[in-house]
Amino acid sequence: MAIAPIVDGPSIIQSSERRIVVPTNILTGIVLAVFGYWVGEQLGNSFLLNDAQNTGVLLGYSFASIMFLVGVGFANYPLARLFGWRVTPQPAGDDHTGAWRYLNLSLDHKVIGVQYLVAMLMAMLFGGIGAMLIRTSLLVPDPPIVAPDKYLTLVSMHSVMMIFVASAAIVGPFGNFFVPLMIGTNRMAFPRLEALSFWLVPPAIVILLAAPIFGGFQTGWTGYTPLSEQADQGFDSYIVGFTLIGLALVVSGVNMLTTVIRLRAPGMTWIRLPIFVWGVFSASILGTFAAPILAAALIMQGFDRTLNTTFFISSAGGSPYLWENLFWFFGHPEVYIFILPAFGIILELLPHFARKPLWGYRTAVVGLLGVTLLSWFVWQHHLFMSGIAPALRPFFMFSTEMISIPTGIVFLVAFGTLWRARISMSVPMLFCLGFLFNFLIGGLSGVFLSDVPSDVTLHGSYFSMAHFHFTIVGGEIFAIIAAIYYWFPKMTGRMLNQTLGKIHFWWMMIAFNMAFMPLFAAGLLDMPRRVSTYAVDLQTLNDWVSIWAFILFASMLFFAFNVIWSWFFTFKVAPANPWQVRSIEWMLPTPLGRRNFEKIPVFTGSPYDYGNPGAKPVADLGGPSDLGRRGFGAEPVPS
Amino acid sequence: MNRTDRTHALRLLVAWAVLSVIGVFIALQVHLPPGDQSTQSVDETSLLDLMLVISTPVFIGVVLFILYSAFAFRQTGAVLEDGPPNHGNFRLQVAWVAITAVIVLLLAVIGISGLSNSAAATTFASSQATLGTVGSAGTASGHRLQVQVIGQQWWFTYRYPDFGGVESAHLMLPVDTNIEFHVTSTDVLHSFWAYQLGVKADANPGVDNITYVSTVNTGSFEVRCAELCGIWHGHMADPNGQVVSQADFATWIAQVQKDDVGISLPPYSPIYFPHPPVKGS
Amino acid sequence: MVVDRTPRVGGRLAIVVLGLAALLALLTGFLVTFVFHFPTTLTAQPTTVGNGVSIHLETVAAVQDAIAFPRPNDPHPDWVSYLPTTIFKVPANSVVTISIDQEDGASGLRNPYWSKAQGIIGGSFHMSYFDDNGAPQAGDFSVIDPTTLAHSFGIPDLGVFVPLQGIADAAPAGSHNEITFSFKTGKAGIFRWQCFVPCGAGSIYGNGNAMSTFGYMSGLLVVQ
Chain A
3 MAIAPIVDGP SIIQSSERRI VVPTNILTGI VLAVFGYWVG EQLGNSFLLN DAQNTGVLLG
63 YSFASIMFLV GVGFANYPLA RLFGWRVTPQ PAGDDHTGAW RYLNLSLDHK VIGVQYLVAM
123 LMAMLFGGIG AMLIRTSLLV PDPPIVAPDK YLTLVSMHSV MMIFVASAAI VGPFGNFFVP
183 LMIGTNRMAF PRLEALSFWL VPPAIVILLA APIFGGFQTG WTGYTPLSEQ ADQGFDSYIV
243 GFTLIGLALV VSGVNMLTTV IRLRAPGMTW IRLPIFVWGV FSASILGTFA APILAAALIM
303 QGFDRTLNTT FFISSAGGSP YLWENLFWFF GHPEVYIFIL PAFGIILELL PHFARKPLWG
363 YRTAVVGLLG VTLLSWFVWQ HHLFMSGIAP ALRPFFMFST EMISIPTGIV FLVAFGTLWR
423 ARISMSVPML FCLGFLFNFL IGGLSGVFLS DVPSDVTLHG SYFSMAHFHF TIVGGEIFAI
483 IAAIYYWFPK MTGRMLNQTL GKIHFWWMMI AFNMAFMPLF AAGLLDMPRR VSTYAVDLQT
543 LNDWVSIWAF ILFASMLFFA FNVIWSWFFT FKVAPANPWQ VRSIEWMLPT PLGRRNFEKI
603 PVFTGSPYDY GNPGAKPVAD LGGPSDLGRR GFGAEPVPS
Chain B
24 MNRTDRTHAL RLLVAWAVLS VIGVFIALQV HLPPGDQSTQ SVDETSLLDL MLVISTPVFI
84 GVVLFILYSA FAFRQTGAVL EDGPPNHGNF RLQVAWVAIT AVIVLLLAVI GISGLSNSAA
144 ATTFASSQAT LGTVGSAGTA SGHRLQVQVI GQQWWFTYRY PDFGGVESAH LMLPVDTNIE
204 FHVTSTDVLH SFWAYQLGVK ADANPGVDNI TYVSTVNTGS FEVRCAELCG IWHGHMADPN
264 GQVVSQADFA TWIAQVQKDD VGISLPPYSP IYFPHPPVKG S
Chain C
9 MVVDRTPRVG GRLAIVVLGL AALLALLTGF LVTFVFHFPT TLTAQPTTVG NGVSIHLETV
69 AAVQDAIAFP RPNDPHPDWV SYLPTTIFKV PANSVVTISI DQEDGASGLR NPYWSKAQGI
129 IGGSFHMSYF DDNGAPQAGD FSVIDPTTLA HSFGIPDLGV FVPLQGIADA APAGSHNEIT
189 FSFKTGKAGI FRWQCFVPCG AGSIYGNGNA MSTFGYMSGL LVVQ
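Top line first, the protein sequences correspond to chains A, B and C.
Everything in the first sequence is counted per our numbering, starting at 3 for the first residue and increasing by one.
Everything in the second sequence is counted per our numbering, starting at 24 for the first residue and increasing by one.
Everything in the third sequence is counted per our numbering, starting at 9 for the first residue and increasing by one.
Chain A on its own, in the form it takes in the complex (with noise of 0.2 Å):
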């Protein structure tokens, strides 16, 4: 719907010159969603549709949640145009100055960037006192240290507080701040979107959080039922909090589509698009097309708890396997949303820090895409055990495997860049050959996974599990922090101390190692996933694993003592190119201004075209200024 300018120019709407005047924040937020809350449960209580009371706890955390945005201020504008008073296109939040402006809801992609890296390092945080709680259990084999039915609710929250950190945690802070910079705009195309998207976040990990208080869930983050219907109501922070988090990824997804699409300044073709772009662009669209499903099966099994259907209950007509597929069919798509931007991460920061062009961008913008696509048809790999289907294996085998094809794509481009480069081995370069390391042993072992036969005896085992964590934690993880090493002067205007920054990636490197692959050996040693408690002679094979995975969470403690320190206490502002790279986000000024271009740039050049005498910069910022009108990086307008 197009609306016309109400603030500035003649107005074509007769509105009221009376405004919302209550104040709106974070604190008005939390108010409104304790008195949410109680609604909420008062009314699901007084259905008396479930004797396990699960009606009350999810009403209670929906209400919640949709008051705590009514609270931090989503609820004026529409209630303003639907009053007709006269409404401001920008929130109150971004009046506002300083670090009070963090905590309010700004329509800046620039601060939500922010916003979205402290909630992600803090859920981070939360996540990784998780593991190191699974891992003191795991010192003993019995008894347990930590009860069996405490230690599955650590080992759930454990892992669901990580996937809501892997599936948010590169498109929510680096997509949200760096896109619109890198494609030359000075907004994202929905920015109320974008704000939705991560103040859905804060809301999810808080119901998280709360599920011990209901006594937890012993489910795993696959939440597979009939398991899951028979926990207590922690199991009602699993539904809404994924939910939530299901919901800014297709909210997310939807406008980061759209921005790169349509936002793109003058001369920025598709194939002078950053590959960290491509990277967001291609896990955007996996985002928008799988969270969907997630939050569908999800609502179904709200409804088995409360409504009393059998969506999932095999005795009463139901089948588990349906909730198997709807969960995978979203969450192998899922994996990718997580690896896709850390591929476009590295990608971004190899050649700038090689000096050198990326080498085959056309066919590393394939392999992503071919990701992309190859992601929908794998999903059943999760459930060869699972009794269905049986005619189909050799397919997902086939499409399983095919998917080492653009993966091998991505490592091709990187040696490519890395061939007779002139390696200027800074902290982010040490994470990205990290990265390199750590994801090719995943890889690798994702091939011993992907075989049917071989995935019999590693189906579910400790196998599988080492597999995800290299790929995750010692994949995405580390392009994650290689990024937060690489553009934190541009977000927060302070070098990341860079002494610190080595010893980190030495210890964190060494300690990963260390603690994940003994792993597979526990796996191939008949040491399945999830288990309170293991064999007496895998004792000594534990001890070692938590010790290390100990020193781990030490170097992760390290890292987040070098953020605080540089951020807050150290008082020199990053010079604007602190890298000497090329592309455009470094050719702004540091602290950037509220407005990312004053004149819509005209991209020239490409962002890797380096030991060219005669390149051209990447782009003219003083290019011409009547593109507003055209859409282009205009004032955020209501959207």
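Note that these hints are calculated values from the structure, not bench results.
Every residue, glycine too, gets a C-beta built ideally from N, C-alpha and C.
Mixed in with the good hints there might be a few duds.
Stated by the list, open to error - Now the in silico label distances, taken between C-beta atoms and shown as ranges:
id, chain 1, residue 1, chain 2, residue 2, range
1, A, Ile553, C, Asp73, 49 to 59 Å
2, A, Met427, C, Thr36, 33 to 43 Å
3, C, Phe46, B, Ala95, 49 to 59 Å
4, A, Phe560, B, Phe48, 34 to 44 Å
5, C, Ile75, A, Ile553, 50 to 60 Å
6, C, Ile23, A, Thr542, 35 to 45 Å
7, A, Lys504, C, Gln232, 42 to 52 Å
To be verified - Okay, derived cross-link-like pairs now, DMTMM-like style, lysine to aspartate or glutamate, Cα gap no bigger than 20 Å in a straight line:
id, chain 1, residue 1, chain 2, residue 2
8, C, Lys192, C, Asp165
9, B, Lys302, C, Asp86
10, C, Lys195, A, Asp622
11, A, Lys618, B, Asp261
12, C, Lys195, A, Asp539
13, C, Lys192, C, Asp148
14, C, Lys97, C, Asp165
15, A, Lys618, B, Glu104
16, B, Lys281, B, Asp185
17, C, Lys97, A, Asp144
18, B, Lys281, C, Asp86
19, C, Lys195, C, Asp153
20, C, Lys195, B, Asp261
21, B, Lys281, B, Asp271
22, A, Lys601, A, Asp622
On the provided structure of chain A, position chains B and C as indicated by the hints.
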């Protein structure tokens, strides 16, 4: 390709060849599970061995490349300088894709042939999983020993329909026998994993999941649950599974038949929907 | 907005320290109240005969109805439970005699196989119970009707399984069935025991809540 390219490539190639030979030699010494208690486990072991042997040179090549570039291709001077402006090499890209495609095809062919090989029919064309209805007991199963695996929270029990449907809390199998497992569950999902036998199949309520094993060596094996099934999932492990001689098996099954007298077991059925059907009272 | 300015470290340091302290307090609360909450251990008492030990237990339909071992302040007063606790310490290579006051009504088994006693000395257990007319009875049993089970006591790793018959409807109020059995412990180790009767009322297949929470219908046998 100029001379510098060739020098680097040659060095890498020689180092890779030498290290790969050493690596493959070491990889061949590794004993991989699940062992040789059944034809299935023999197949799985050899497939795992093959994958280890194929992936070792790949692993060595990539790691070598990363380390070599980290040392040979780094900035040396005080001033940042750029590398050569190479934008890609089409033939190399095609060759790379072709090579990975060949490896993938090879693995897929090996996997599929392993699946369709009747001697190793672990999982392919074997399962008779049904949704919510009584499954068929299989057509060509007359010459196989039928064993039903019942998962429940939190222990597996086993019924032998060929011997009057008697039930036991431990799994005992005769050697040199083709066995047909019918895996089902009375409550949540479990996964029947007989580690040394190389068998894994999910136990679903209301589903008869069929898998095969052919025992070739006597010995004990461990049964574990491999699908998260609740609080005692980690303890749902029985190290006392046994493959015994046919005579010992006959003695044992007779003893079980005697022990089970007096238990009012339900008639043998591929699936069970016991009381309470949904909510406990 | 970030600008160069004179460092004012004090305020920021205070925020960081306070934030960390708050996080630490939250974490400690979580750990103590949720994660490291563990039932107490009951050490078996030596018996007068032989080298045996004995344990006296009670099974109830709801914790709040306990007679022999009341457990006030339980977070789930309406759940079924073994009382007083579910972690037992017994010596290795000895005879353990367990007597259970069974006060709960029958639920029936999902797998009738568990209605037979296994792995206990003599192959049978002694039970004093009430018949359908409410008259007290007693006898030795090795197998009972699977529909009459209220609970069971099973240690799968030791092969010990004992069915516990539900109290008859006609039995006097406040009465219980008393089941006594003995088994031998071998070498030291820690073994899980559980009830195999789906007695978690209100949850799917009866295996939720009390069945899925440590300290109610399952526990550990520590053999030392």
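If you test the structure against every hint from before, which numbers come out violated? When the structure is compared with the hints, numbers 10, 11, 18 and 19 turn out to be violated.
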